[in-house]
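Enquirer: Oh and the sequence shown: position 50 is 50 in the UniProt record's numbering, straight run, nothing missing.
Any given hint might turn out to be false.
[What the hints assert, rightly or not] Here are the simulated BS3-like cross-link-like pairs (lysine-lysine), alpha carbons at most 30 Å apart as the crow flies:
| hint | residue 1 | residue 2 |
| --- | --- | --- |
| 1 | LYS62 | LYS51 |
| 2 | LYS143 | LYS100 |
| 3 | LYS100 | LYS114 |
| 4 | LYS179 | LYS143 |
| 5 | LYS167 | LYS100 |
| 6 | LYS28 | LYS51 |
| 7 | LYS98 | LYS114 |
| 8 | LYS167 | LYS143 |
[As the list claims (entries may be wrong)] Label pairs and their computed distance ranges (CB to CB):
| hint | residue 1 | residue 2 | range |
| --- | --- | --- | --- |
| 9 | SER162 | GLN183 | 15 to 21 Å |
| 10 | LEU151 | ARG109 | 26 to 32 Å |
| 11 | GLU122 | TYR153 | 55 to 61 Å |
| 12 | ALA176 | TYR44 | 41 to 47 Å |
| 13 | SER87 | GLN36 | 38 to 44 Å |
| 14 | THR129 | GLY81 | 28 to 34 Å |
| 15 | ARG159 | ARG76 | 46 to 52 Å |
If you're looking for bench data, these hints aren't it; they were derived computationally from the structure. Computed from a predicted model, the values in this text were never measured in an experiment. The C-beta atom is built at its ideal place from N, Cα and C for all residues, glycine as well.
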Amino acid sequence: MISNRRGAPAGFKKRQASNSETGEAPRKLSPERQEQRARNVLLYQLARGAKSAHTLRQILEKREIDREIAESVIERFIEVGLIDDVSYAETVVNSRQKFKGLAKSAIKRELSQKGVEAAIVEQVTDAITVEDEFAMALELANKRIVRMANLEYAVRQRRLNSYLARKGYSSSIVIAAVKQAEQGLNTAS
């Protein structure tokens, strides 16, 4: 391969030094370009999956979009319904319950970490009753206990208790679900 005079292989341009290496201030995009970039970033992120407004704000901040421009674009997306924290929270509740078997407290914690307002979190998790949580915990315990049938009783108890506690279930629900799953295992044997 023949190289050019600067030492780079033929057909390749030599890498230009970044602004941080040269000591120059980074080039600032015009407000119009920032707004367009913010829209593109939001559309890309939303195409990949629903996200909370808070998460999207953080993404735009990392992309160095001015706060005022980011806020105006996010507000516009909220107005047209592209960003909706309530439907996002409902989706998270349904998926975390159905696919991960998480308890109400774990779902609340996750939504709060994602920046969903406390009022919205309460609104969407109010539908989860203690009976629903017990049924889900019992289902998880029954699935898990089958794989543990050959373990000693104390080991099985400890592992099931830990498993359900990590899912966010209260100790009273954990104890009741494990007890009932253990009874089901004993009657099946």
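Enquirer: For every hint, state whether the structure bears it out.
Expert: Checked hints:
Straight-line distance between C-alpha atoms of LYS62 and LYS51 comes to about 16 Å, which keeps the hinted pair within the 30 Å bound. Of the pairs offered as hints, the one joining LYS143 and LYS100 holds, with about 13 Å between alpha carbons and a cut-off of 30 Å not exceeded. For the hint linking LYS100 to LYS114, the alpha-carbon distance of about 17 Å falls within 30 Å, and the restraint holds. For the suggested pair LYS179 and LYS143, the alpha carbons sit about 14 Å apart, so the restraint of at most 30 Å is met.
Simply put, LYS167 and LYS100 have alpha-carbon atoms about 8 Å apart, close enough for the 30 Å limit, and the pair holds. Simply put, LYS28 and LYS51 have alpha-carbon atoms about 27 Å apart, close enough for the 30 Å limit, and the pair holds. A distance of roughly 19 Å separates the Cα atoms of LYS98 and LYS114; the hinted pair therefore holds under the 30 Å criterion. A threshold of 30 Å between alpha carbons decides the hint, and for LYS167 with LYS143 the separation of about 14 Å falls inside it, so the pair holds.
Range check, SER162 to GLN183: about 20 Å between beta-carbon atoms, so the 15 to 21 Å window is met. At roughly 30 Å, the beta carbons of LEU151 and ARG109 sit within the given window of 26 to 32 Å. For GLU122 and TYR153, the Cβ-Cβ distance of about 39 Å falls outside the hinted range of 55 to 61 Å, so the restraint is violated. Between ALA176 and TYR44 the Cβ separation comes to about 46 Å, which falls inside the hinted range of 41 to 47 Å.
Taking 38 to 44 Å as the suggested C-beta distance range, the pair SER87 and GLN36 does not conform, at roughly 26 Å. THR129 and GLY81 have their C-beta atoms about 30 Å apart, which keeps the hinted 28 to 34 Å range intact. Here the CB-CB span from ARG159 to ARG76 is close to 50 Å, well matched to the stated 46 to 52 Å.
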